[in-house]
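Here the protein sequences come in this chain order: A and B. Mapped onto the numbering used here, the consecutive letters of the first sequence carry residue numbers 1 to 117. Mapped onto the numbering used here, the consecutive letters of the second sequence carry residue numbers 1 to 115.
Please keep in mind that the hints were generated in silico from the structure rather than gathered at the bench. Be careful, since some hints might not be right.
Claimed, not checked - Derived lysine to aspartate or glutamate pairs resembling DMTMM-like cross-links, with alpha carbons at most 25 Å apart:
no.: 1; chain 1: B; residue 1: 9; chain 2: B; residue 2: 38
no.: 2; chain 1: A; residue 1: 22; chain 2: B; residue 2: 30
no.: 3; chain 1: A; residue 1: 22; chain 2: B; residue 2: 54
no.: 4; chain 1: A; residue 1: 69; chain 2: B; residue 2: 103
no.: 5; chain 1: A; residue 1: 49; chain 2: B; residue 2: 30
no.: 6; chain 1: A; residue 1: 49; chain 2: B; residue 2: 54
no.: 7; chain 1: A; residue 1: 49; chain 2: B; residue 2: 108
no.: 8; chain 1: A; residue 1: 49; chain 2: B; residue 2: 69
no.: 9; chain 1: B; residue 1: 83; chain 2: B; residue 2: 72
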Amino acid sequence: AQSVAQPEDQVNVAEGNPLTVKCTYSVSGNPYLFWYVQYPNRGLQFLLKYITGDNLVKGSYGFEAEFNKSQTSFHLKKPSALVSDSALYFCAVRDDNRGSTLGRLYFGRGTQLTVWP
Amino acid sequence: DGGITQSPKYLFRKEGQNVTLSCEQNLNHDAMYWYRQDPGQGLRLIYYSQIVNDFQKGDIAEGYSVSREKKESFPLTVTSAQKNPTAFYLCASSMSGQVNTGELFFGEGSRLTVL
């Protein structure tokens, strides 16, 4: 079974400090991993994805994520947080097994990030 | 501009009424999805469709129905059989086929409130 865990419901950081939003996953094959961001009453916006290759993935708005296969993790990071980064962040996964439903993603419960000025 | 359009943005319904949420995309994507979002529960898949005239149940399909008569359109009907329909509903689409890396494109959502 495929699943995603986001162990923190909320993350609070001061503006200018580095931020980390945690994600761990479980898949039967090799993972395809994604981060999305959601602002209040809006749809989800794609931030970045890991398919293969370099374990450090760079995405939109200065975000990056590090894939760690041994720890089955894909934590989202940013070196210097902005107040405008405050939003709900979702991690998602699917595996590369051809038997799985193409395009179906499994989402975590979300982590609310608050950046204080 | 290419994208996904959901309507209405806000909808109020009395108990016992069916309502239909619209989802239209002009991205030429084969696959379309409906998710339900509740606070603290993340996104749960209701229905998905990989091709016109075909769709499959997701994890929480009871009380919902869909159709896929056109590639661009994937409407969701919330029936009176859905016991707790108040939620934020998100429509998404993606490319299909072996080259698909699974990235979803989302609409802006529809918030349904049952009175």
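**OP:** Please work out if residue 49/A and residue 108/B have their alpha carbons no farther apart than 25 Å.
**Re:** It holds: about 21 Å lies between the C-alpha atoms, which stays within 25 Å.
Original post:
Between residue 49/A and residue 30/B, is the straight-line Cα distance small enough, at 25 Å or below?
Top reply: The hint holds at about 21 Å.
Original post:
Has the given pair, residue 22/A with residue 54/B, been kept, meaning a C-alpha gap of at most 25 Å?
Top reply: Cα-Cα ~36 Å, so violated.
Subject >> 25 Å limit on alpha-carbon distance, applied to hinted pair residue 49/A and residue 69/B >> reply: Cα-Cα ~31 Å, so violated.
Original post:
Is the hinted pair residue 49/A and residue 54/B satisfied, with a Cα-Cα distance of at most 25 Å?
Top reply: 28 Å, violated
Original post:
Within 25 Å, alpha carbon to alpha carbon, are residue 83/B and residue 72/B?
Top reply: 29 Å, violated
Original post:
Quick one, are residue 22/A and residue 30/B close enough, alpha carbons at most 25 Å?
Top reply: 32 Å, violated
Original post:
Given the hinted pair residue 69/A and residue 103/B, is their alpha-carbon gap at most 25 Å?
Top reply: 20 Å, holds
Original post:
Keeping to a limit of 25 Å between CA atoms, is the pair of residue 9/B and residue 38/B held or broken?
Top reply: 16 Å, holds
Consistency note: the structure conflicts with the earlier hints numbered 2, 3, 6, 8, 9.
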